[in-house]
Structures are given as C-alpha cells and as structure tokens.
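Peer 1: Chain residues, written in single-letter form:
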Amino acid sequence: MTTHTRTGITWDYAPAPESADHIRIQDRYGLFLDGEFKDPRDGRYVPTINPATEEPVAEVAHGGPDDVTAAVASARAAQAKWAALEDLERAKYLFRIARLIQERSRELAVVETLDGGKPLRESRDVDIPLAAAHFFHYAGWADKLRYGVNAREVRPLGVVGQIVPWNFPLLMAAWKLAPALACGNVAILKPAETTPLTALLLAEICQEAELPPGVVTILPGDGSTGASLVRGVGGNRVDKIAFTGSTAVGRDIQAALAGTDTRLTLELGGKSANIVFEDAALDQAVEGIVNGIFYNQGHVCCAGSRLLIQESVRDEVIAKLWQRMGRLRVGDPMDKNTDVGAINSAEQLSRIEALVAAGEDEGATRRSIDCELPERGYWFAPTLFTDASPAHRIAVEEIFGPVVSVLTFRTQAEAIEKANNSRYGLAAGIWTDKGAKAFEVASALKAGVVWQNTYNHFDPTAAFGGYKESGFGREGGPAGLRPYLNVVR
Amino acid sequence: MIRRLPHVDRVGIEERAAQLGKRSIKAAAKQQGIRLAVSMVDLTTLEGADTPGKVRHLCAKAVCPAPTMPEIPSVAAVCVYSSLVATAKAALHGTGVKTASVATGFPAGQVSLAAKLKDTEDAVAAGADEIDMVISREAFLAGDDARVQQEIVAVKERAGDAHLKVILETVELGSYDHVRHASMLAMEAGADFIKTSTGKAAAGATPGVCLVMLEAIRDYAERTGRIVGFKAAGGVSTSKAALHRLVLVKETLGEEWLTPDRIRIGASSVLNDLLMQYAKTETGRYGRSEDYSRE
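Those protein sequences? They're chains W and X, same order as listed.
Mapping of the first sequence onto my numbering: position 414 corresponds to residue 414, and the numbering continues sequentially without gaps.
Mapping of the second sequence onto my numbering: position 106 corresponds to residue 106, and the numbering continues sequentially without gaps.
To be clear, the hints were calculated from the coordinates, so they are not data collected in a lab.
Here the structure is a predicted model, which means the values were calculated and not measured.
Just so you know, not all the hints are guaranteed correct.
[Stated by the list, open to error] Computed list of lysine-lysine pairs in DSS-like fashion (alpha-carbon distance at most 27 Å, straight line):
no.: 1; chain 1: W; residue 1: Lys336; chain 2: X; residue 2: Lys240
no.: 2; chain 1: W; residue 1: Lys336; chain 2: X; residue 2: Lys280
no.: 3; chain 1: X; residue 1: Lys200; chain 2: X; residue 2: Lys26
no.: 4; chain 1: X; residue 1: Lys200; chain 2: X; residue 2: Lys240
no.: 5; chain 1: X; residue 1: Lys26; chain 2: W; residue 2: Lys336
no.: 6; chain 1: X; residue 1: Lys240; chain 2: X; residue 2: Lys22
no.: 7; chain 1: X; residue 1: Lys280; chain 2: X; residue 2: Lys22
no.: 8; chain 1: W; residue 1: Lys468; chain 2: W; residue 2: Lys446
no.: 9; chain 1: X; residue 1: Lys22; chain 2: W; residue 2: Lys336
no.: 10; chain 1: W; residue 1: Lys446; chain 2: W; residue 2: Lys434
no.: 11; chain 1: X; residue 1: Lys30; chain 2: W; residue 2: Lys336
no.: 12; chain 1: X; residue 1: Lys200; chain 2: X; residue 2: Lys118
no.: 13; chain 1: X; residue 1: Lys26; chain 2: X; residue 2: Lys54
no.: 14; chain 1: X; residue 1: Lys118; chain 2: X; residue 2: Lys89
no.: 15; chain 1: W; residue 1: Lys92; chain 2: W; residue 2: Lys81
All chains, full assembly: derive it from the sequences and hints.
Peer 2: Shown next as structure tokens:
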C-alpha cells in the first residue's frame with residue numbers, strides 16, 4: 001500500500017469474497033445410479049478437500065467394482081429406449097440441462113471453486129457458462145447428426161464410459177456428456193477423485209430435468225474405479241471409453257483396450273509452444289502469455305508452458321512479462337479479485353515442486369513472484385524460468401502448474417522446428433501482426449489447436465484434441481460427434 | 001521522417017481493459033477509491049453560454065464538493081475557456097485548486113499556429129496553472145508527425161511554467177496504433193500530461209483507449225525516466241467508470257501513480273455521482289439527485 005501524497009488516501013482492493021451462504025452442499029453424496037443417489041455397495045465414503053484451506057467440503061461415495069457392474073447394467077437397460085427417442089426429444093433434455101446449469105450457475109461456480117481451488121472469477125466467467133454452452137450446442141445437433149459427419153445413416157455406439165480430470169470438473173463433464181447424449185448414447189461418467197462435487201450437482205440437474213434413469217450415471221472414485229470401468233467387470237464392458245487426463249494413464253488405457261471392441265478417444269497432456277514473433281503486439285502477447293500459463297494455476301492440458309520468443313525481442317518481452325507477473329493477485333480463490341488460486345492437491349503441488357527443483361539443478365534461472373501465500377492450503381507462486389534449453393526437463397515435461405519456461409528462436413523456420421520438437425502436440429499460440437505468417441506457421445505446426453493473437457480461448461463450436469502423445473479424437477463442434485457415432489453408410 | 005507504427009492488438013487490449021472492469025471494489029476500497037477519484041477531477045465547463053457567474057458557482061463546488069461530507073477532498077482543478085481563466089483564478093485563490101484552461105483553438109484546433117500560440121499566451125497571462133491543448137489531427141492524419149510535434153513544442157514554450165496537457169482526441173485518430181503513436185509523439189515533444197479527448201467528439205476515454213495510453217506512458221517512463229501524467233476525459237460519467245479507470249492505472253502503472261499530480265479525470269457530471277455513491281456507502285441507500293448541488 002502506498003500513501004497518496006496529496007490527500008493521504010491509500011487504495012487497495014478490500015477483500016471481496018463471494019458468499020457461500022446460499023450454497024446447499026450436503027454432508028454426503030452417494031453414487032448417481034438409476035436416476036437416484038445411492039450408497040456404494042461396500043459403503044465406502046471419502047472426504048473431498050478444499051485445497052485452499054485443507055478443510056473437508058463433503059463426503060463422497062467411492063465407486064467399487066460392484067458399483068461399476070451395476071452402473072453398466074443400468075446403462076444397458078436404459079440405452080435402447082434413449083436411442084429410440086425422437087431426436088428432438090433428446091434435444092429437449094439437453095436444452096433443459098443447459099438452462100438448469102445457467103439457473104444454478106452461481107451455486108455451481110462457488111462449489112467448483114471450493115472443491116478445486118480455481119479462482120471464482122474463472123469458474124464464474126468461464127467454466128460454468130461454457131459448460132452450459134456445450135449442452136446448448138450439442139442439443140442443436142441432436143436432430144442433425146448425419147449432417148455433422150457427412151453420412152446417410154448413423155447409429156449411437158451404446159454405453160460410453162467417460163473419465164474426466166480435476167482441472168475443469170464440470171466443463172469436462174459437459175464436453176463429454178453433451179455430445180454422447182445428443183448422439184443417442186448413454187453415459188457413465190467418472191469425475192476426478194479430488195473434484196467430484198459439481199458432477200454430483202449435475203446429477204441433481206439431471207434429476208430436475210427428468211432425464212430417464214440410467215441415461216447418465218455418475219460414479220465418483222479414484223483410479224481403481226476408472227480402471228474397473230475401462231477393463232470391465234466380469235467381461236461386461238462398455239462400448240467406448242473417452243478419457244481426459246495424463247499421458248501415462250492414457251497409455252495404460254490404450255494397452256488395456258487393445259484387442260477389444262471398446263472404442264477409445266484420449267485427450268492427454270501437452271507442452272504447448274506459445275510463439276512470440278518480433279512483429280507482435282507485445283503488450284497483448286504478454287497478456288496472452290499470462291493467460292496461457294497462469295490461467296487456472298497452469299492446470300490446463302493446453303497451457304502455453306513452452307514460451308518461444310524471437311531473440312530480438314527476448315529482453316523486452318521478459319521485462320514486460322516479469323512486471324505483469326508482479327501484478328497477479330494470488331490467494332483466496334473465493335475472492336472475486338483473485339487471479340491465481342490454489343494448487344488442486346498436495347500430490348500435484350509436490351509434482352510441481354519436484355520439476356521446478358529439477359529445472360534449478362539443470363541450470364535454468366528461476367524467478368518466482370514475491371507474494372504472500374496463505375499458511376494453509378496448497379500454493380505455488382507464479383514462476384518464470386529463463387535460460388532454459390531444449391534439453392532441460394522443464395522445457396520437455398508437462399509441469400501442469402504456474403511455471404513457464406522460456407526458449408528463444410532466431411527465424412520463422414527455427415520457431416516451427418522448435419515448436420514441433422516435442423512428444424506432445426496439443427496446442428500452440430502464434431503472436432504476430434502479419435496474417436500470412438500466421439497462416440504459414442499454423443499449418444506447419446503439429447498441434448491440434450493453434451491460436452493466433454490469443455490463448456486458452458474455448459468455444460463449443462471449435463474442435464479440440466491432440467497430435468502425437470497428446471491423444472486422438474476431437475471434442476467440440478461437429479468433429480466432436482464422430483467419436484460417439486457409428487457411421488452405417 | 002518515416003512513420004513507424006507500433007502494434008496494438010484491438011481484441012487483446014479491449015479484452016484486458018474489460019477484464020480489469022470486473023475488479024470488485026467494495027466497502028472501504030470503494031470509499032477510498034471515490035475520494036481518490038474526486039481529488040483527481042478536473043471540474044469542467046466548456047460551453048458557449050459560460051459566464052463568470054457559472055464559473056464562480058463551479059469553483060465553489062470544486063473547493064468543497066460536499067459540505068456535509070468533510071472527508072471528501074477538493075477536486076484537482078477547474079477547467080474553463082481562456083476568457084474565463086481570470087474569474088476562476090480569483091475564485092480559487094488560496095484554495096490549492098488549480099485553474100486549467102483549454103487553448104490552441106479548442107476543440108478542433110483548425111486555426112493557425114499563430115492563433116494557437118496567442119490563445120495559449122492569453123490563458124497564461126490570465127493566470128492559468130495548466131493548459132489543455134489539442135494536437136493538430138489535420139497534421140497527424142495527413143502523416144505529418146513533425147508538424148504535430150513542432151506545434152506541441154511551440155505551445156509548451158509559450159505555456160512556460162504552466163503544466164501542459166496534450167489532448168489527442170483519440171476517437172478521431174481511427175485506431176489504437178494511432179493512439180499509441182500519437183501518445184509517444186506528444187510525450188517526446190514535452191507533454192506533461194497526455195489526455196484522451198476534448199469531450200466534444202463522439203466518444204472519449206473508453207477503457208481500451210485509456211489502457212493503450214497508460215501502456216505508452218509506462219514504456220516511455222521506463223525508457224526515459226520522465227514521468228508523464230494521464231487525463232481521461234469524455235464519457236467518464238459514473239463512479240463505476242471512474243473506478244474502472246483507476247483500476248487500469250493501478251494495474252498498469254502501479255499504486256504510486258494514484259495521485260492527482262499524475263492522474264486526472266476530466267468531467268462535469270461524474271462528481272455528483274461520486275458524491276451520491278459515497279453517501280450510499282455511508283447510509284446504505286441512494287439519495288435523490290436533488291441532494292447534490294447543480295451548477
């Protein structure tokens with residue numbers, strides 16, 4: 001706080017916490033099965049923690065193998081009737097869900113932030129509105145499926161198992177459920193272990209929307225629940241697995257499904273290049289760098305974690321970036337003015353710390369902003385690594401935290417070569433004022449999503465997905481229909 | 001001189017400016033922000049119908065905006081046409097509130113350089129502490145950067161000790177690239193403040209324009225070490241808009257810039273809204289507009 005020289009007025013934003021008083025979080029949530037909340041077969045409940053305070057938010061059922069069996073049976077029983085509904089009837093349910101998400105958006109935003117640690121500003125302005133937008137978008141496709149995939153006849157796959165990550169809990173559930181249901185499939189969704197609550201509120205919304213029992217099953221649990229869903233119990237498999245998460249787990253899933261009839265799409269990790277050319281609007285590029293890597297504490301699979309700056313503007317961009325980083329407001333995610341919230345879990349925090357330590361050992365220069373971090377909870381100050389080399393682990397491995405590594409390039413050709421020199425290929429950013437250059441570079445990049453003069457911009461009409469070890473299959477837009485359809489002819 | 005335009009991305013700058021408009025300013029922060037904003041106001045009247053009587057009323061308001069709320073500070077300055085500077089100067093004598101005068105053929109600036117300089121000399125001779133000049137958009141849009149700068153240099157010389165605010169009239173410049181370029185031209189020619197608008201054109205101090213100019217000021221200060229102030233004028237008519245501009249300053253230039261020596265808000269109608277919002281933070285309810293004096 002600085003004292004105002006003439007009138008003695010000081011100005012800092014007062015704390016502006018969003019109230020959680022209007023939120024009804026139950027002490028305990030069961031599995032959502034057959035349209036009702038039920039106790040798990042083995043009676044096991046586990047607490048879910050607010051990562052900003054380490055306080056438990058609620059207890060949540062843990063789905064075991066018997067629950068998976070029951071879920072698949074319930075889904076199978078419901079599928080034929082759901083698929084046989086008039087297309088427009090299915091659409092009505094999806095529209096209803098979308099509207100209910102909008103009606104309960106404030107509650108969903110608060111719960112998302114309490115359960116996952118992301119700033120309320122993001123859950124309020126991005127996660128929840130986009131989740132509703134995905135349902136609206138795919139509701140519109142339900143009666144136009146064959147036009148979306150350019151076919152004369154299409155059929156649903158049947159029962160799909162969907163495993164979503166903890167970084168965008170409700171939004172990823174929407175990305176998965178909306179196209180699956182629109183195509184006439186029924187779905188078993190496993191939310192992430194650390195962030196199950198908004199998926200369970202979505203289960204309440206399915207009840208309110210009077211969705212037929214068995215069409216959506218929500219099966220909270222950990223990796224073992226997901227494994228049962230993938231491998232099937234007693235030979236009882238689902239027809240498709242859609243997984244978003246780490247490359248290591250994705251690899252296991254693909255191995256487990258080899259030689260089976262279960263289809264698979266994977267949306268995995270990334271080490272996406274954010275390329276700043278010397279002719280870019282540098283202040284807006286800096287804003288894009290910040291949005292690319294500090295958005296959602298860097299817990300974003302397409303985070304712009306590999307910053308490639310043209311050598312001629314390197315010093316200027318880094319100076320501007322460092323100054324801008326100093327203005328990030330890190331802390332209580334429930335405060336409406338917070339820019340960077342809590343790290344999602346203790347486990348993720350130690351993963352980030354280990355990789356950052358490796359970066360220092362390898363000789364890169366680390367700078368973390370000087371900010372007061374709360375005593376309880378999991379926190380990591382936004383961090384910049386300069387003098388990183390393409391061989392360093394911090395320039396190669398996914399950190400999944402608020403840590404950006406800076407590399408430089410001299411020419412356009414070198415930028416493309418360095419950007420593609422990765423085992424991942426999820427996303428990339430290009431910052432330039434020259435249109436022709438942007439198109440040239442974009443078509444040369446092996447990345448599923450390329451943003452020009454923006455970053456981390458999502459829209460339900462745009463396809464999202466990876467190259468190489470970032471996975472396969474697309475979500476969003478008409479491309480997102482195909483992984484949920486059998487094209488008959 | 002070949003013009004080299006900087007790059008400002010329209011979508012990016014407007015997104016950032018809009019995002020900063022979502023800062024939640026409540027409770028004590030709102031009260032302090034409002035007091036700060038009041039202390040930065042250049043209370044302005046620029047009408048053909050201005051008379052000494054009206055200007056004296058305005059000066060009384062400037063010195064003591066709200067007699068029932070003594071914690072509300074005086075505004076920074078009263079801004080009038082040069083013909084009324086002497087009246088304002090006399091009314092503000094000994095109060096610490098400055099007298100500012102528009103000059104140089106305000107608002108269009110379509111008069112000869114000689115007339116612009118005479119206008120400036122008259123205002124200074126009548127006692128103006130601050131001169132608000134307009135750049136020649138005619139020269140700027142024709143690509144004659146040198147003439148834009150020469151005029152500023154000449155006016156600055158005639159202004160002497162008076163602080164020189166240079167109005168860009170951004171809405172007439174046509175692009176953010178031009179706004180940024182004109183900001184740099186004005187600062188390099190010696191402007192003490194750069195100012196968005198005359199208040200007489202179609203649009204004024206939009207959040208995007210303010211942010212572009214603040215970034216230019218920041219970059220210029222980093223390069224040269226010289227501090228140039230910023231005045232948002234035109235279209236800032238509510239407390240919410242005023243606080244939004246202060247957030248832009250705080251998060252672009254830093255808190256040390258939040259002083260009337262460096263930041264001004266040029267307006268006539270915003271003051272009563274600031275007072276009304278301030279009273280609401282005290283009483284919990286909105287007053288009537290009749291509760292506040294109109295000049």
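Peer 1: So, for every hint listed, does it hold in this structure?
Peer 2: For each hint, the structure was consulted:
Simply put, lysine 336 (chain W) and lysine 240 (chain X) have alpha-carbon atoms about 16 Å apart, close enough for the 27 Å limit, and the pair holds. A threshold of 27 Å between alpha carbons decides the hint, and for lysine 336 (chain W) with lysine 280 (chain X) the separation of about 22 Å falls inside it, so the pair holds. With a C-alpha separation of about 32 Å, the suggested pairing of lysine 200 (chain X) with lysine 26 (chain X) is violated against the 27 Å cut-off. Of the pairs offered as hints, the one joining lysine 200 (chain X) and lysine 240 (chain X) holds, with about 22 Å between alpha carbons and a cut-off of 27 Å not exceeded.
Straight-line distance between C-alpha atoms of lysine 26 (chain X) and lysine 336 (chain W) comes to about 11 Å, which keeps the hinted pair within the 27 Å bound. The straight-line distance between the Cα atoms of lysine 240 (chain X) and lysine 22 (chain X) is roughly 10 Å, inside the 27 Å bound, and the hint therefore holds. Only pairs whose Cα atoms come within 27 Å are accepted, and lysine 280 (chain X) paired with lysine 22 (chain X) is accepted, the gap being roughly 20 Å. The suggested pairing of lysine 468 (chain W) with lysine 446 (chain W) holds, with an alpha-carbon distance near 8 Å, which does not exceed 27 Å.
The suggested pairing of lysine 22 (chain X) with lysine 336 (chain W) holds, with an alpha-carbon distance near 9 Å, which does not exceed 27 Å. Distance hint between lysine 446 (chain W) and lysine 434 (chain W) is fulfilled; the C-alpha atoms sit about 20 Å from each other, no more than 27 Å. For the hint pairing lysine 30 (chain X) with lysine 336 (chain W), the CA-to-CA distance comes to about 15 Å; that is within 27 Å, so the pair holds. Taking the CA atoms of lysine 200 (chain X) and lysine 118 (chain X), the gap is about 22 Å. The hint holds against a cut of 27 Å.
The straight-line distance between the Cα atoms of lysine 26 (chain X) and lysine 54 (chain X) is roughly 35 Å, outside the 27 Å bound, and the hint therefore fails. About 19 Å separates the Cα atoms of lysine 118 (chain X) and lysine 89 (chain X), which keeps this hinted pair within 27 Å; it holds. As the CA atoms of lysine 92 (chain W) and lysine 81 (chain W) are separated by approximately 15 Å, the hinted pair is consistent with the 27 Å bound.
In this structure, the hints that do not hold are numbers 3 and 13, in rising order.
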